[in-house]
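Please build the complete structure, drawing on both the sequences and the hints.
Chains L and G, in that order, give the protein sequences. Residue 1 is where the first sequence starts when you use the working numbering, and the numbers rise one by one after that. Residue 259 is where the second sequence starts when you use the working numbering, and the numbers rise one by one after that.
Note that these hints are calculated values from the structure, not bench results. If you're wondering where the values come from, they're calculated on a predicted model, not measured in any experiment. One or more of the hints may lead you astray.
Sample of chain G residues lacking proximity to chain L, with all beta carbon distances greater than 10 Å (derived) [to be verified]:
id : residue
1  : Glu-351
2  : Val-389
3  : Gly-401
4  : Ala-439
5  : Asp-450
6  : Arg-544
Restraint-style ranges between C-beta atoms, simulated for each label pair [claimed, not checked]:
id : chain 1 : residue 1 : chain 2 : residue 2 : range
7  : L       : Ala-227   : G       : Ala-324   : 56 to 62 Å
8  : L       : Gly-174   : G       : Arg-397   : 30 to 36 Å
9  : G       : Lys-398   : L       : Gly-121   : 25 to 31 Å
Here's a subset of chain G near chain L, in silico, CB distances under 7 Å, partners left out [to be verified]:
id : residue
10 : Phe-357
11 : Leu-370
12 : His-371
13 : Val-543
Glycine residues also receive a C-beta, built at the ideal position from the N, C-alpha and C atoms.
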Amino acid sequence: MNAHVTQIRALARRSMLKTLRQPFQMFPIIFFPLILLAVNASGLRAATRLPGFPTHSYVSFAIAVAFIQGAMFSLINTGTNLAEDIESGFFNRLALTPLRRVSLIAGLLVGVAALGALQSGVYIILGLIAGAHLHAGLGGVFVIIVLGALTTLGFGAMGCVAALRTGSGEAVQGLFPLFFVFIFLSSSNLPRNLLRTGWFHTVATWNPISYLIEAFRSLYIFGWDGAALERGFAVAIGVTLIALLAVVGALRTRLQRT
Amino acid sequence: MNSDPKMADNGIEVEGLIRDFKGGVRAVDGIDLRVAPGEIYGFLGPNGAGKSTTVLVLTTLLPPTAGTARVAGFDVVRHGPEVRRAIGASLQESALDPFLTGREHMRLQSALHGLGKAESETRGDELLARVGLTEAADRKVGGYSGGMKRRLDLGLALVHRPALLFLDEPTTGLDIQSRTALWEEVRRLADDGVTVFLTTQYLEEADVLADRLGIIDRGKIVAEGTPAELKATIGRPSVEAIPQNPGERERLAAVLARFGEEAAASSNGVAARLPEGVGDLAEIVRALDGEGIAIADLRVHAPTLDDVFLAKTGRSLEGASEVPEDSDEQPGAESPAP
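Shown next, in the form of structure tokens:
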């Protein structure tokens, strides 16, 4: 096997193990989105009676938000883990091997994407148990896992940028509220066409998170909505590409290795 | 730089090395040094002297501001990957992942150095045994003691059989037993032909372990030679007296000052360097007796490396730190980002 593939695989494995072995990192990823789902589903169930609300099941409507919340937790976990590596000198240990600069981050992010796929699978199962109906069926499961992994990869890369720029786990964690507010300023609780407050509708329309949520949501509620999936994947790919470019720049500054 | 072909295998040649940081801080200020293949070279100095920055430059983690350095025959700026393949390094603090086991660390390190699966397992087992961690191999590193972490760190640095090993303060914070065990391991490596570049702030470590020493202060090498050679440059012993009554310390100092300049002493004692050697000892005892100063303890010290440091810098190495113990030498020394 190609040496670089072996190196990336080894780093990806280590990245996954580091997260999976920290219960305080796994707990929010799995349970926080589901607790919020339960709260929203019980408190906002009446919204399904609004004229134009696309489904009678608020759980099917709201489960999409869990995928984004999970990805945001990955941003914090990935950034915190990388910052810890920088602070502890583990990053230097990796830099002292013949590993290529890009492989160093690629290994980490492959692990993040794999975890993103895993956590998406968990949300799908727990959502179905909670009563969500996945209209797109088995094909939808596959698309959700791919989109979940891609979204988590993009957000994880943002966490890497924060870690490489600051080198501080605390600084990365301080970013959490900043990113989380994007979820609330999106179509997370109501479809955009039902948001009556003018400024909120405008912000939600400009907020890329809305399109990610709507792509996940479309698979649950409508089945195969090409336009929603197109927009969702475009946002996920765009965010990932921008974040990866930023990672490359930040890595060049952090790692002055000759 | 004219490279010495003998140094090409696993030696180090440094000429005029300078490393500046933002804000005009010069951490390394024109260092010249040569480390012969198979030698244990000790780099002794207080915190903030420039030791770790030098190691970061020599291990390719920081580019130098000026000067040249060749490690194992390769220029550290132009041939970074070749240098990294030739060296092993255990940098300050044990840079380990607390959530991985010792064996998982070995596997990761082996994979990153391109070892195949079978070789990785064999080499991992061999090194875990060598550093005495076979029984703890499948335990998470978070539960290891400081000594165990340091030993694992050393084992990891050896995975790819480097010809040259950099150890940056390998025994800082370790108890005597762990420290001695690590010294033995370093000696064994040197016996196997590995060149060792060791930084330390411990005089005893430098004295016991190093074949040759460079003493660094404020970014400059102030003395270089074997420990014996360096101590011979001082040449004079010192006498230390501890008064029975601590209140008589000043009177005691005044008496000893008649026999020589003040030397480093323990907290409750007073010491003087004896320019005429131990021949003055009887005279000192008589003088103390004449002054009626009761002495609890009287010792003669052979010259130490601290005396060398004191002679070269005007300060004692113990307590000469310029920055707090828990911070690194210079801005960016721990973390290469500016």
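Cross-check of the supplied hints:
1. Glu-351: 5 Å, violated
2. Val-389: 16 Å, holds
3. Gly-401: At roughly 13 Å from the nearest Cβ of chain L, Gly-401(G) sits farther out than 10 Å, so the non-interface label holds.
4. Ala-439: 22 Å, holds
5. Asp-450: 21 Å, holds
6. Arg-544: Holds: least Cβ distance 57 Å, greater than 10 Å.
7. Ala-227(L) x Ala-324(G): 56 to 62 Å: Given range 56 to 62 Å: holds, Cβ gap about 60 Å.
8. Gly-174(L) x Arg-397(G): 30 to 36 Å: 33 Å, holds
9. Lys-398(G) x Gly-121(L): 25 to 31 Å: 26 Å, holds
10. Phe-357: With a closest approach of 4 Å, the Phe-357(G) hint holds.
11. Leu-370: 4 Å, holds
12. His-371: 6 Å, holds
13. Val-543: 52 Å, violated
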